[in-house]
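Assemble the whole structure, with the sequences as input and the hints as a guide.
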Amino acid sequence: DAGVIQSPRHEVTEMGQEVTLRCKPISGHDYLFWYRQTMMRGLELLIYFNNNVPIDDSGMPEDRFSAKMPNASFSTLKIQPSEPRDSAVYFCASSRTSEGQPQHFGDGTRLSIL
Amino acid sequence: TQLLEQSPQFLSIQEGENLTVYCNSSSVFSSLQWYRQEPGEGPVLLVTVVTGGEVKKLKRLTFQFGDARKDSSLHITAAQPGDTGLYLCAGDQLDNNDMRFGAGTRLTVKP
Chain A
1 DAGVIQSPRH
11 EVTEMGQEVT
21 LRCKPISGHD
31 YLFWYRQTMM
41 RGLELLIYFN
51 NNVPIDDSGM
61 PEDRFSAKMP
71 NASFSTLKIQ
81 PSEPRDSAVY
91 FCASSRTSEG
101 QPQHFGDGTR
111 LSIL
Chain B
1 TQLLEQSPQF
11 LSIQEGENLT
21 VYCNSSSVFS
31 SLQWYRQEPG
41 EGPVLLVTVV
51 TGGEVKKLKR
61 LTFQFGDARK
71 DSSLHITAAQ
81 PGDTGLYLCA
91 GDQLDNNDMR
101 FGAGTRLTVK
111 P
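Chains as they are written, first to last, in this note's numbering: chain A, 1 to 114; chain B, 1 to 111.
Read the hints as simulated data drawn from the structure, not as lab findings.
You may find that some hints are simply not true.
Negatives, chain B to chain A, calculated, CB over 12 Å [what the hints assert, rightly or not]: (1) Q9; (2) S31; (3) K57; (4) D83; (5) G104.
Just a sample of chain A residues kept apart from chain B, beta carbon distances all over 12 Å, derived [stated by the list, open to error]: (6) V12; (7) G28; (8) Q37; (9) A67; (10) N71; (11) A72; (12) T76.
In the SDA-like style, the derived pairs of lysine to any residue whose C-alpha atoms are separated by at most 20 Å in a straight line are [unchecked claim]: (13) A:K24 <-> B:L45; (14) B:K57 <-> B:G40; (15) B:K56 <-> B:L46; (16) A:K24 <-> A:V89; (17) B:K110 <-> B:K70; (18) A:K78 <-> A:Q101; (19) B:K57 <-> B:N18; (20) A:K24 <-> A:I113; (21) B:K56 <-> A:P102; (22) B:K57 <-> B:L19; (23) B:K57 <-> A:P102; (24) B:K57 <-> A:V89; (25) A:K24 <-> B:K57; (26) B:K59 <-> B:T77; (27) B:K59 <-> B:E38; (28) B:K70 <-> A:V89; (29) B:K56 <-> A:Q101; (30) A:K24 <-> B:E41; (31) B:K70 <-> A:K24; (32) A:K24 <-> B:V44.
A virtual CB, placed ideally from N, CA and C, is assigned to each residue, including glycine.
Rendered as structure tokens:
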């Protein structure tokens, strides 16, 4: 079975540019999570969806960040405008339910904002 | 302040040594999970513990959930270089459905 698929794997862009990260969850999983990982702050939950509906976006750092899930097989995380402090590895994960079920992570997008 | 405190933050040992890493919180969890993350990859689930006092073994890895379901430990026997990685604990709080991750323990096992 295909795991969680994220694209691109690497993104380097200049500050001020719009960045769009993409995620395809595992088929049949009801929950989708977006995380950001840095050495300083570890793995931070940004937002999660249940059945395509955003449930908790309290981890989204600023209005520059937005996430959508137009259907069960696709989600995007957008940063506009991007800033150097947004540089991090962004992970998408999915699970069948949120309680006690394992989260399956993609390999992440390494984002560098110059 | 992290909901889940992991210690130590970094650990470097020689092949063959034993080690224990810890995951502590003041909150009660309905379940707790341990993940291992290797460079360039996402975290991968190792085990889920659900019952207070539960002990689970996965080859040389032993996981224990505290009686009060507030803490957990991971013990590795005879560590090998392949055990190198970032070990993350994640807890599902009793009063909500949000799973939160600790900052992790970065383990290096030298040959």
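Taking the hints in turn, this is what the structure says about them:
1. Q9: Per Cβ check, Q9 (chain B) is inside 12 Å of chain A; nearest 10 Å; violated.
2. S31: 4 Å, violated
3. K57: K57 (chain B) is indeed farther than 12 Å from all Cβ atoms of chain A, at 18 Å.
4. D83: 19 Å, holds
5. G104: About 6 Å separates G104 (chain B) from the closest Cβ of chain A, which leaves it inside 12 Å; violated.
6. V12: 16 Å, holds
7. G28: 17 Å, holds
8. Q37: Q37 (chain A) is in fact no farther than 12 Å from some Cβ atom of chain B, at 9 Å.
9. A67: 16 Å, holds
10. N71: 22 Å, holds
11. A72: Holds, because the least Cβ-Cβ distance between A72 (chain A) and chain B comes to about 19 Å, which exceeds 12 Å.
12. T76: At about 18 Å from chain B, T76 (chain A) clears the 12 Å cut-off, so the statement holds.
13. A:K24 <-> B:L45: 19 Å, holds
14. B:K57 <-> B:G40: Judged against 20 Å, a Cα distance of about 27 Å means the pair is violated.
15. B:K56 <-> B:L46: 10 Å, holds
16. A:K24 <-> A:V89: 17 Å, holds
17. B:K110 <-> B:K70: 32 Å, violated
18. A:K78 <-> A:Q101: 27 Å, violated
19. B:K57 <-> B:N18: 15 Å, holds
20. A:K24 <-> A:I113: Outside the cut-off at roughly 24 Å; violated.
21. B:K56 <-> A:P102: 16 Å, holds
22. B:K57 <-> B:L19: 15 Å, holds
23. B:K57 <-> A:P102: 17 Å, holds
24. B:K57 <-> A:V89: Violated - the C-alpha atoms of V89 (chain A) and K57 (chain B) are around 31 Å apart, more than 20 Å.
25. A:K24 <-> B:K57: 32 Å, violated
26. B:K59 <-> B:T77: 9 Å, holds
27. B:K59 <-> B:E38: 19 Å, holds
28. B:K70 <-> A:V89: 29 Å, violated
29. B:K56 <-> A:Q101: Holds, because 17 Å separates the two Cα atoms, which is no more than 20 Å.
30. A:K24 <-> B:E41: 16 Å, holds
31. B:K70 <-> A:K24: 33 Å, violated
32. A:K24 <-> B:V44: 17 Å, holds
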